[in-house]
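Dock chains B, C and D with the ligands against chain A, hints included.
Protein chains in written order, with our numbering: chain A, 767 to 1112; chain B, 767 to 1112; chain C, 54 to 665; chain D, 54 to 665.
Simulated from the structure, these hints should not be mistaken for lab results. Please note that a few of the clues may not be correct.
[To be verified] What the simulated footprint calls covered on chain D by chain B, stretch by stretch (three residues with Cβ under 8 Å from a Cβ of chain B suffice, anywhere in the stretch; the number is not a length):
| # | region |
| --- | --- |
| 1 | 347 to 353 |
| 2 | 508 to 516 |
[Claimed, not checked] Label pairs and their in silico Cβ distance ranges:
| # | chain 1 | residue 1 | chain 2 | residue 2 | range |
| --- | --- | --- | --- | --- | --- |
| 3 | D | Ser-185 | C | Thr-526 | 19 to 27 Å |
| 4 | B | Gly-987 | C | Lys-246 | 24 to 32 Å |
| 5 | D | Glu-659 | B | Lys-1091 | 51 to 59 Å |
Remember, it's a predicted structure, so these values are computed and weren't measured experimentally. Glycine residues also receive a C-beta, built at the ideal position from the N, C-alpha and C atoms.
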Amino acid sequence: MATNSVDTVHVNPQLTKKDFTSDQLVRWCPGCGDYAILSAMQNALPQLGLKKEDFAFISGIGCAARFPYYMSTYGFHTIHGRAPAIASGVKLSNPDLSVWQITGDGDSLAIGGNHFIHALRRNIDINILLFNNEIYGLTKGQLSPTSKLGLVTKSTPLGGIDRPFSAGELALGARGTFFARTIDTNPKLMTQIFVESSRHKGTSLIEILQNCVIFNDKTHGAVTAKENKDDFQLHLQHGERMLFGKEKNKGIRLNGFKLEVVTIGENGITEDDILIHDAHDEDTTKHMMLIRMQPPEFPMALGIIRAVKAPTYDDLTKQQYELSKENAKFSNVEELLQSGNTWEVK
Amino acid sequence: MATNSVDTVHVNPQLTKKDFTSDQLVRWCPGCGDYAILSAMQNALPQLGLKKEDFAFISGIGCAARFPYYMSTYGFHTIHGRAPAIASGVKLSNPDLSVWQITGDGDSLAIGGNHFIHALRRNIDINILLFNNEIYGLTKGQLSPTSKLGLVTKSTPLGGIDRPFSAGELALGARGTFFARTIDTNPKLMTQIFVESSRHKGTSLIEILQNCVIFNDKTHGAVTAKENKDDFQLHLQHGERMLFGKEKNKGIRLNGFKLEVVTIGENGITEDDILIHDAHDEDTTKHMMLIRMQPPEFPMALGIIRAVKAPTYDDLTKQQYELSKENAKFSNVEELLQSGNTWEVK
Amino acid sequence: MSGKQQTEELEKVVIRFAGDSGDGMQLTGSQFTLTSALLGNDLATFPDFPAEIRAPQGTVEGVSGFQVQIGKIDIFTPGDEADVLVAMNPAALKSNLQWVRKGGNVIIDSDSFEERTFKRAGYEGNPLENGSLQDYNLIEAPITSLTKTSLQGIALDNKSVVRCKNMFALGVAYWLFDRSMDQTLDFLKAKFKKAPLLVEANSKALQAGYYYAETVEALPSNYKVPAAKIEPGKYRHISGNQAAAWGIIAAAEKMGKKLFFGSYPITPASDILHELSKYKNLGVTTFQAEDEIAAVCSAIGASYAGELGVTASAGPGIALKGEAIGLAAMVELPLVIIDVQRGGPSTGLPTKTEQADFNLAMFGRNSDCPIIVVASSTPSNCFSFAYQAAKLTVEHMTPVMFLSDGYLANGSEPWKIPSVKDLPEIVIPHARLNGQEFHPYVRDETKLSRFWAIPGTEGMEHRIGGLEKENITGNVSYDPANHELMVKVRQEKVSKVAGFIPDQEVIGTGSGEVLVVGWGSTYGSLLTAVKQLQGAGKKVDLAHFNYLSPLPKNTEAIFKQYKKVLVCELNMGQFAAYLRSIYPEVKIEQFNKIQGLPFTVMELKEKIIELL
Amino acid sequence: MSGKQQTEELEKVVIRFAGDSGDGMQLTGSQFTLTSALLGNDLATFPDFPAEIRAPQGTVEGVSGFQVQIGKIDIFTPGDEADVLVAMNPAALKSNLQWVRKGGNVIIDSDSFEERTFKRAGYEGNPLENGSLQDYNLIEAPITSLTKTSLQGIALDNKSVVRCKNMFALGVAYWLFDRSMDQTLDFLKAKFKKAPLLVEANSKALQAGYYYAETVEALPSNYKVPAAKIEPGKYRHISGNQAAAWGIIAAAEKMGKKLFFGSYPITPASDILHELSKYKNLGVTTFQAEDEIAAVCSAIGASYAGELGVTASAGPGIALKGEAIGLAAMVELPLVIIDVQRGGPSTGLPTKTEQADFNLAMFGRNSDCPIIVVASSTPSNCFSFAYQAAKLTVEHMTPVMFLSDGYLANGSEPWKIPSVKDLPEIVIPHARLNGQEFHPYVRDETKLSRFWAIPGTEGMEHRIGGLEKENITGNVSYDPANHELMVKVRQEKVSKVAGFIPDQEVIGTGSGEVLVVGWGSTYGSLLTAVKQLQGAGKKVDLAHFNYLSPLPKNTEAIFKQYKKVLVCELNMGQFAAYLRSIYPEVKIEQFNKIQGLPFTVMELKEKIIELL
Ligand SMILES: Cc1ncc(C[n+]2csc(CCOP(=O)(O)OP(=O)(O)O)c2C)c(N)n1
Ligand SMILES: Cc1ncc(C[n+]2csc(CCOP(=O)(O)OP(=O)(O)O)c2C)c(N)n1
Ligand code: SF4
Ligand code: SF4
Ligand SMILES: [Mg+2]
Ligand SMILES: [Mg+2]
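If we strip away everything but chain A, and leave its shape as in the complex, we get:
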């Protein structure tokens, strides 16, 4: 298996970014956050120890959804909102594939909302990359279900009046087992999270705060702008304290039923007061609180917020095959056809 002839591609531990780059011209707007996400993904995949043909990227419709064209893996650019259902079919049929669903905030949370929550509930082992630019990019700038209340867009000249979804809250409300958040301005964090979430067995939801330079520029500025980076980003690591700030001297503490930001050294606060992140906690309570943190009161929580074990739909499906085989009355169609009440006509 280790020969390197022209006709056989072997398991290549040295796959590189280039191996995952397709020959298609990338057509996002100059400056779009999607470029960085693409690059982070192309950096992540070689780290997974899989072969190139083991990846399938399934997308809906939107700027984000053009992603599969730029990956030289298997890819399927489907229809608006339906990628979770298609990806589910792919994974259940071909469980050895590493399945990545690429979606925008409109694709996943507007038209695709139902498939989104059901994928999470079933815990099918796929990875959902949600490019959240809080706008419809491809259709040129309408309100999205994540747009901030009051946002003036082409479809809401007087400002949006829909209260936005929080992808994380919705996902946990739908019983999601894995939720991570990252930003397009931090390639290292993205790559790391892509690698880790691919290892989670079950539906991994990764929300990427992505900038649409054209229709919603700087919507994540409060988090991503250089001057806000230290004070408004909290990089969570399971088992570590929730520290942030330039000097890593700020932290999150529990005060009764609420979280609060404290500074070590002030008011007698010591590192011991700072919460330790437990991504594996079954209970969603603290994860929900972390997801809800928003500047300017809080830093935005980044990293893997929740990662709990639960049986996956695909594994349970396999188990039912086995169960069914054990109790089977017939082992092929011929036997099935002949089973039960039959009679001979002579």
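Just chains B, C and D with the ligands now, kept in the frame of chain A:
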């Protein structure tokens, strides 16, 4: 207005249950929980001080969804899963109507899941009655998104492998402002909750644990059975302590980040230790915990679990009409047609 | 009505059982059917379900019926009119008398006729007393009380005892048609394995009915319907939905693929899901999706991943799948869509039958988006056409819509069990690497279909999608000429299927006065009507279609052999309009019925005779 | 090319602006258009957007074009071929040269032609040097550098300066066609009210272009296109989507209803949502739903509640709405569905035009479910047909599908502003109480439509739904005969609309050799082709349809006056098939184009001549 001639129906404070009963034969199975819900509703409406013609009942498809035929109000039996969208259109167009959406667990959480979460997010002032029998009744017994894991049904002979939704958790994850839970075996509680939820401005979600005698009998038995009533039902009242049990001597206490059941008088527990229910708390944390309580560890929380104020989509729409009028460049279509760049051809 | 009964020999007879939905009429009917099948009769059945789960007892809405025609001659329909009606209560009588031929036998449970019950059924007065039954031979049997009496001493509650009355009625029917009780006695033993008391009670009730009928002399005569001349072989009973499910599994096995069935329940298609979900060990994955869109999309995902992706629904659900079917057609992946049609539009008449989704199947997608459409025409050939649908979708790499309907789905008939090895071979167009760069839209020259490249295969990584793509390479292309080419290729690909399906058959001489044309579930009635007319010397032939898009190559040639072409459909004339649009030179007449019911042979004959 | 320029007078001329999507070509084109309109030319425009938001600069995919034809004669299309192309970079030249007539003028920004840029455009070598332009009159103008030079001294960054080059190009075009700059100068003042520097820069660039063209003598001559003979009145420019939006608002106002517009964005329909969302003060509610199904359902809810419910989408979204449209048809409520068609199937060619959703509009619902279908044929008559759609839907209480397409939606033309008071009256069939029990399905005798009973009205409480219902009472009914009656009533109701729409018009003598038949957006090209042939003495007439279901009463009578009927469509022949199915006796030929582009007059004329 107070004459009682044959041709005019006046605002009648003495409307009774009978006024809300249509002439159609009720066609649910004998013993179905839906009868009690219908009756509770017919008892609730006269208490709302509205006229008969001010009510519109909008349903999807399912056994539950036959409900409007039996109410002598305005009613619309629509298509499967889409009632929230239709009800939204009704309410936005005719905001003086009291709009009730009637739905089953399949109708609302399977095919209608997307409209369900979006209605809650927008907080349109409609009341959603979710008849949760954890099964598809009308289509004769398939797995529903609320069916317990492992349930054997026509479509899952080896048991369901989908992790069920919790209607309340999903609703709060979707930013719902009102959530109540009640049971078909308690007519008084139902009537009371219907009355109260109709007063909430915004989307009121009322989950009714309903029994389907034919396809999922006693699925709520752990809560509703006579012998379990006292120990496994917690009737919440805003501002009151969370007490239950035959002697009202059991209660819910907070232990760190978790809830626990305690008995007053045991281990030094006094009434003061018992949590006071705050349905108006903006923060969903405690509401989520209450929603998640399940027998046998906990009693099931009934009553109004969450009721918080937030602007409704319909009110904001009205405000935008006003705003738009203030800044309007033209006040009718004639002026619109004539506006902007025009030229005369002679 | 006295004297010892006679035994009359009949060529065919129609019996109808009707009662409350709780009365077990479907079971009674199917037991009668099975026993008759074992006796060698040819037969066809028609269950007539109520729309409600359990409508209030004793109401017309709650009546459940089951009709079966048995014969020593070939039987193609459950019969227009019943020779014998067994009505378990006034509501059953009220709603079913219309299906009984004048002079037929009506057996009622006289215990159930009281003021309260016939009021509930919507009768003004007692129907037994007002002369409304004078055209029928009425047999009043106190079925309930006789059942109770015969079960005295068995330690069962009253409710369980009364439940056995359907077996009493079945016993009467067995005597009436000279059938043995053995099969049902065996069945009862197996069914109630765990409840010996129930075996005993039901068996006793059955026998009590039989001996009652033999004894009371209330019945004019009993009948013998001798065995039919049926092709030798091993037979079983099968309903349309079961046959469709099995056809698909058989095709998957034959092509060496696993079957992925993504579906959302809906009447009358749900039973396909129920049936398939039993066969996980045969490599069947059933995925009950959150809605119809997810259902079809999951099936498309499965096809993309290399399994056989199938979905099923009825009209309202099929309407929702249009966009996704368009995607499958655009990316050229296999996909079988089963539409078990029901009365419409909208929610319509969910439990009734209709053939009105033909247009939806043909045109229910945005833009020019042809797919293959086939229809089954009997309960048992749902097997063959489900199989064909699966074969065509993989061999031609384009979606296939398979049209069944409520009548076929729930109807059942004896079926000669085929041997899997005799089923047509299915050749999968798997893509192959040839040392050159891999392109996803390289095409088979004769079929114009592309090849199936399965994710996970090394060296075939490629991207597909719903945007227009360049032929061969599959790269997204907005080029005008390429678009025209691709639209035409997709059309041609479907048209070329005509070269891979059998020629249309004609039942008759091949030319004459009137060609009756039908498709789908009307086959039995059309065939019976045409055969009867042919028997009477009329120049009438039948061309019944199973392949609707594309049509068989010889269609136009056939049409041209007749003075008149009469298209009979259970809709407003959709197939007729389609034929006119394709063969404008053929003069097409139409006959339509839109009542949620099959054609009767009688009304068909009348209409055809009009044209002669 | 020397000597003082001449002024040539022309009957009509076509000019095309092309550049990167960031280059402001749509603005340039629309300014040129407006100025020409003010001068009294008749005209028609065609914007040609790239598929991407901002495809990479300098690539063919990123080119945005705008074509306008102006004339002193009636202009019905933007023209087959451009007389003048302004190309701002090599990619624009590459992708647009195909639309320029041999011998036409090609003005390029010579600053943009460098090794790097023409490589990026996909040229092998420098197109200016390899003779590929020898059939054209090439004018190389250093537009970028001249813009920069002329703006020296204005305190703007380089990027903003370079952005003004579209105004320079517009200046050149103004000189070339002898147009005044005043309108654009005013426009710039208004547009950049808050940025005086930009007003100055853009104005200067415009003037610099104008004077450059006048001075350099690179241009052979300039042209005069005198004012057309246009009906006197007040005019404005309007695009199809804007006109559709306004037509709907006007209808709502006329009928005294508020307008509820439920929609989900999709190209090329989104602009209707954008436009309507500006007019809340006129009683317009726009509801951006979570998907197309919710969009149409919210509109149905609005209609149920008594407002005018409207939804809009393009093919993929319309495919999703089928089930809900069926509900509206079944419960007989008003509903306008606007389908702005685009290239398909599936996602297809989102920014290109096509007429291929005719079948979907007619048949995209389960079961027999007829609705009214109308189509607009020019950008401005989108106003009238949107208005008609709203009128018909309330007056006949059944859904109306209004078909527009990408070409009409984005195209624009001068429009004589109607007066609201002259628009046809709309009479709403409000239900009335007459002292008797209220029944929701009592019908108007001439139209068969039911009456609109609005929730909140006392005494009219009633229930409706998607199950089949009894006529008059609306009670759920499974009665076979009632079902047949209702299916026929729903069909009849639509058929009867033929009595309320105008007779089909014919352009020509009313009989002859060939009748050209079209529908929708092909009107301009068909009319031009037919008129030109008529001018040349050919016996060709045109019948262009706006009412598609039902067809005008006199349709068959018209068809019978011609030896040949040629149906021209931008699809595979859907309307042709429909006509054949209705008028099998008429021999129908067809001409189709499926390239995402309108017909050219040339290709139409060729095809028609073939038939003569
Ligand atoms: C059925 C259907 N409806 C609508 C559209 C139009 N559409 C394409 S992408 C899109 C939304 C894009 O927003 P998002 O998902 O946030 O992706 P982004 O472009 O911002 O990356 C819409 C409405 C479509 N293609 N198909
Ligand atoms: C589009 C569509 N899909 C499927 C159905 C079939 N169907 C009708 S009701 C129902 C589910 C009923 O379950 P639920 O909503 O829980 O209501 P219940 O009958 O239990 O009250 C289904 C699948 C339908 N009518 N329409
Ligand atoms: S529109 Fe926005 S999201 Fe789309 S490619 Fe451009 S910048 Fe990116
Ligand atoms: S099937 Fe179940 S939910 Fe439906 S009416 Fe019967 S008991 Fe009630
Ligand atoms: Mg987005
Ligand atoms: Mg249910």
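Hint check results:
Evaluation of the coverage hint for the region 347 to 353 of chain D: fulfilled, as 6 residues show C-beta separations to chain B shorter than 8 Å, against a requirement of three. Counting residues of the region 508 to 516 of chain D whose CB lies closer than 8 Å to any CB of chain B gives 9, which reaches the minimum of 3, so the coverage claim holds. At about 26 Å, the CB distance of Ser-185(D) to Thr-526(C) agrees with the hint of 19 to 27 Å. A hinted range of 24 to 32 Å holds for the C-beta pair Gly-987(B) and Lys-246(C), which are about 27 Å apart.
Judged by the Cβ atoms, the range 51 to 59 Å given for Glu-659(D) and Lys-1091(B) holds: they are separated by roughly 56 Å.
The structure shown violates none of the earlier numbered hints.
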